[in-house]
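Trainee: Residue numbers (the numbering used here), protein chains in the order written: chain A, 20 to 240; chain B, 508 to 758.
FYI, nobody ran anything at the bench for these hints, they're computed from the structure. Don't take each hint at face value.
Unchecked claim - Simulated restraints, written as ranges between beta carbons of each label pair: (1) A/Arg22 <-> B/Arg616: 35 to 43 Å; (2) B/Ala534 <-> A/Leu96: 51 to 59 Å; (3) A/Lys104 <-> B/Asp564: 56 to 64 Å; (4) B/Arg616 <-> A/Gly159: 34 to 42 Å; (5) B/Gln745 <-> A/Val136: 33 to 41 Å; (6) A/Arg158 <-> B/Lys623: 53 to 61 Å; (7) A/Arg158 <-> B/Asp575: 27 to 35 Å; (8) A/His235 <-> B/Asn712: 35 to 43 Å; (9) A/Asn55 <-> B/Asn702: 48 to 56 Å; (10) A/Gly159 <-> B/Lys623: 29 to 37 Å; (11) A/Arg158 <-> B/Ala584: 52 to 60 Å.
To be verified - Mimicking DSSO-like on lysine-lysine, the simulated pairs with C-alpha atoms at most 27 Å apart in a straight line are: (12) B/Lys514 <-> B/Lys701; (13) B/Lys514 <-> A/Lys81; (14) B/Lys736 <-> A/Lys70.
Claimed, not checked - Some but not every residue of chain B turned toward chain A, in silico, with C-beta under 7 Å: (15) Ala534; (16) Trp641; (17) Lys736; (18) Glu738; (19) Thr742.
The C-beta atom is built at its ideal place from N, Cα and C for all residues, glycine as well.
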Amino acid sequence: MERHFDQELDLLNKEILKMGVLAEDAIFKSIEALKNRDKKIAETVIGDDVKIDNLELEIDEKCVDLIARYQPVAKDLRFITTGMKINAELERIADIAVDIAQRVLELLDKPLLKPLVDIPKLTTIAQKMVKDAVDAFIRGDCDLAKLVLKTEPEADNLRDLIQSELVNDYMSKDGNSVPRAVQLFLITRFLERACDHATNIAEDVIYMVRAEIVKHHPEKL
Amino acid sequence: MGKITTKNLNLWYGAFQAIKNINSTFAEKNITAIIGPSGCGKSTLLRVFNRMNDLIDGVRMTGEVLFDKENILEEAADLVVLRKKIGMVFQRPNPFPLSVYENIVFGQRIHADINKRSVLDEIVENSLKSVLLWDELKDKLKQSALRLSLEQKQRLCIARLIAVKPDVLLMDEPCSTLDPQATARVEELMRELKNNYTIIIVTHNMQQAARVSDDTGFMLLGELIEFGKTERLFTTPQDKRTEDYITGRYG
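All chains, full assembly: derive it from the sequences and hints.
Mentor: Okay, here's the thing in structure tokens:
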């Protein structure tokens, strides 16, 4: 027998997917703004954040309603509580996109410090991690969640590489480059933080599907 | 849109006031649940809507109950027509000691004086399909309704109401004698039925009210303390008495 509750859970799933698409798109656009030195795109990312904030509140409210009305247990309960946590992670990812867009606006009236190669690479990794983490949640796919977790060191390594290049090749050699290098340094850190949020989502997905806690227990992977 | 609206509704059993100044609107094609502790007046309120309390000696009512804008408390109200339009399902299923078929056509024979076999056959089929019993019972139509399971009996009683094409279904603890699986199936049926009917359910089971209804009213000592969207009432009740009751601190 199909439960009415299943239709409600399906709607929640779709709302979280929408939140994931918006967060992922915000990160992509913020780096497009950086690459193309496009003020309009940066402002759009900042302006659109309110839509993501509102959706976050809607999803939270929906989750609380479902708990109050259906008293879910077992996998239904894990799905809803995980959904709430993922919702918060996605909202943070969207805030990171805003942070990046604000740095882009700071950089617009200054010449580009260096050709952007590794930051777009890190963006691609971050975007894919976020997309895969959300897909893993939507499909309840533990293998995909594990893939996200395995990708994280790649993001960390790339962040270290970019930041050490900025320090060693620019900041320490040319004091005038520091204001621009700091902005790129921060953007790199923000992107890596987005990857961390994707990792959190992936860990939550494994808990949701297998009722197994891998957060803070990497040996369980 | 309101299907039933009460205005300053009061009811006394002799000197005891069971309903105190209730003003509320029951939306059309919605499920409205009325919750509250035993003796709070919720079943009495339900019975006001098809004047079932009239059968009790010493009952007195004031105020108005508008059903499609007509006051059903008027002396002139035709109670047979009223109870056809506003049917009731009781706590214990109460099929007549007749066949499944005759249970469903009973109302037709009384209200519409329909006796043509093909017409009745169609009514039986449609009514049983509405309560998702047709596949189970289509080959057992001549069987006594008393031999059905409790859940089937309750569904049959709902089908018997539907056969006379009511507008409103009143349900007084319709699942209290059913096991959890049968309860879940009847709840799913209620969701199906609300596409065509206005449903008002009285229940002790708060979880059921939370799961199944669109609107919920909380009654206490004859008063309607709070009435509103179910999700709101169960997450952010406005009255402390509602909060205390739904969190199990009262009643």
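Trainee: Each hint needs a verdict: does it hold in this structure or not?
Mentor: Verification of the hints:
A hinted range of 35 to 43 Å for the beta carbons of A/Arg22 and B/Arg616 is consistent with their spacing of about 38 Å. Distance hint for B/Ala534 and A/Leu96: a CB-CB separation of about 31 Å, inconsistent with the stated range 51 to 59 Å. A hinted range of 56 to 64 Å for the beta carbons of A/Lys104 and B/Asp564 is consistent with their spacing of about 60 Å. Separated by about 54 Å at the C-beta atoms, B/Arg616 and A/Gly159 break the suggested range of 34 to 42 Å.
About 58 Å separates the C-beta atoms of B/Gln745 and A/Val136, a value inconsistent with the hinted range of 33 to 41 Å. Checked against the hint of 53 to 61 Å, the pair A/Arg158 and B/Lys623 passes, with Cβ atoms roughly 55 Å apart. Here the CB-CB span from A/Arg158 to B/Asp575 is close to 49 Å, at odds with the stated 27 to 35 Å. Between A/His235 and B/Asn712 the beta carbon distance is about 40 Å. The supplied range of 35 to 43 Å therefore holds.
For the pair A/Asn55 and B/Asn702, the beta carbons lie near 52 Å from each other, so the given range of 48 to 56 Å is met. The beta-carbon spacing between A/Gly159 and B/Lys623, approximately 55 Å, falls outside the hinted interval of 29 to 37 Å. Restraint check, A/Arg158 to B/Ala584: a C-beta distance of roughly 58 Å satisfies the suggested window 52 to 60 Å. Pair hint B/Lys514 plus B/Lys701 holds up; C-alpha atoms about 24 Å apart against a cutoff of 27 Å.
For the hint pairing B/Lys514 with A/Lys81, the CA-to-CA distance comes to about 33 Å; that exceeds 27 Å, so the pair is violated. Proposed proximity of B/Lys736 and A/Lys70 is supported: the alpha carbons are some 25 Å apart, at most 27 Å. Checking B/Ala534 against chain A: minimum C-beta separation of about 18 Å lies over 7 Å; hint violated. Restraint check, B/Trp641 versus chain A: the minimum CB separation of about 16 Å is more than 7 Å; hint violated.
A distance limit of 7 Å between C-beta atoms decides the matter here; for B/Lys736 the minimum to chain A is near 10 Å, and the interface restraint is violated. The interface hint given for B/Glu738 holds, since its Cβ lies 4 Å from the closest Cβ of chain A, which is under the 7 Å cut-off. This hint holds: B/Thr742 has a C-beta 5 Å from the nearest C-beta of chain A, less than the 7 Å allowed.
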